[in-house]
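*Asks:* As you go down the protein sequences, you meet chains A and B in turn.
Counted from 1, the first sequence has number 4 at position 4 by the numbering used here; the numbering is strictly sequential.
Counted from 1, the second sequence has number 1236 at position 236 by the numbering used here; the numbering is strictly sequential.
Any given hint could be a false lead.
What the hints assert, rightly or not - Pair ranges (Cβ atoms, derived):
no.	chain 1	residue 1	chain 2	residue 2	range
1	B	Met1007	A	Glu137	57 to 63 angstroms
2	A	Gln159	B	Val1228	40 to 46 angstroms
3	A	Gln159	B	Leu1005	54 to 60 angstroms
4	A	Gln105	B	Gly1066	26 to 32 angstroms
5	B	Leu1005	A	Phe66	25 to 31 angstroms
Said to hold, decoys possible - Facing chain A, according to a computed beta carbon distance under 8 angstroms, are these residues of chain B, among others:
no.	residue
6	Asp1056
7	Lys1159
8	Val1173
Please keep in mind that the hints were generated in silico from the structure rather than gathered at the bench.
We treat Cβ as the ideally placed atom computed from N, Cα and C, and that holds for glycine.
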Amino acid sequence: MTANCSPPRIRRFTSRIEASTFNTIIQGMEFTALLTVAYFVLLAVALRKRQRTVNGPWLFLLRAFFPNWQFFHGLGPAARLWVRAQDGQGQWSLWHPVYPRLPRQASHLLHNPAVNLALSHQNLVEHLATDIHDLAENADIRDCVSYQLVMRLARDAVQGGRWGDIPLVEQPSWSSAEAFQFEVRLLRLGQPGDEQLLLSPQMPLRP
Amino acid sequence: MNLDLPMAIRAFEILLGWSLLLQSAEYLRLRALDRVGDWRIQRAEVPSARVRQGLDWLYQPAPYAGMLWLRAALALALMLGQAGLGSAVLLFAMALLLLLRWRGAFNGGSDFMTLVGLTGLLLAHVLGLFTNPARAWHVALWYVTVQSLSSYFVSGWVKLMRPEWRTGRAMTVFLDNGVYGPLSDRSIYRWPRLAMLCSWGFTLWEGLFPIALLDVRLAVVFCAIATVFHFLVFWFFGLNRFFWAWLSTFPAILYAASG
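Using the sequences and the hints, build the whole thing.
*Replies:* As structure tokens, then:
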């Protein structure tokens, strides 16, 4: 009865799919099809299990070979970089966030180096947060590559660095700054407030 | 409507080559833009002294630029159907070198999917030495298909397991934090019901992507939605490389669904 109410074209389409499904999975008994079904079933089961993290320097550098394909999967804690500068009179500025916000252009679909660079810098901050979390006892975070690169990012932000045409920090000029300091804060996306994860030492701008 | 093997190979080569060409142009521009990355610091992460020494030379300005220009030229050759085994090996090796230069990834998932495409290309040419080229390409395109479908499947199912995605709240929050964000106060994506509808729509579409293999017409529909989806991801998050990297896998999916 229901099938008779369907428009003819849709009915034909669905009946073909049903036949195709039947042929592929039951009648055809194609090895490839069975393997594919088994693979996705296993994948679904694996996703429900608690996943172990495997670490190692080569694994980190070659992690592209083991993609987990979990994009934007949950509202976990997110790391944010903040910087401040000290002027010649010893006065410290307010803290300013270094977070990529750039104007959209349709041409970016073809060529988008500034935005991609900004996103890679934000990833760097996330990596530093992970390194802090995983830091071994008695280890010094300042020895980590992620720390040293974020320090360069913070220094560049204070020195007027840009992502293309957009300054890393929206603030009045810090041209007379002599020292800087950075902070990594953790926030829960979609919720107010944050917590301090790292406060760097105060460092001269021009070593 | 079926996509036959020669057509699938050509479309795959053109789209993958185009994606590589755009990436190479961006890498060339990044040399002037990036004031943070510094190989002298990053080299400490490479565990092998011998590899480190080789990379020290390669990442000097002139050899690095040479590698990027060569990559662009090979990408063009791939688009023109002139890339053989040597080109495939070189493109794969350069992808690895770029991953090492950018601490494992420059642009996350798009680097991973680019590597999938290049692995498929390499598979086709290496297997082609031992069996007939058609069979080798068949295996290579299936490899790309399974990886691409897995990416959608995993992405969809992990969202389905998260309450913040099921309510639609996660979508609004992520859009607010996008590089082109935040959303305007009056954006329709702030409407909870619409956000929930979009979330469920995209989550189910991603999670059900493997059924595209059942019928090529289904595959066309899934790939068409995927094109819109990746364009929206670019529009809100600036991820242009994702758009091209995933698009380059669609000929493989259409071919596999045509089987």
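*Asks:* For a quick check of understanding: which of the numbered hints are violated here, in increasing order?
*Replies:* 6
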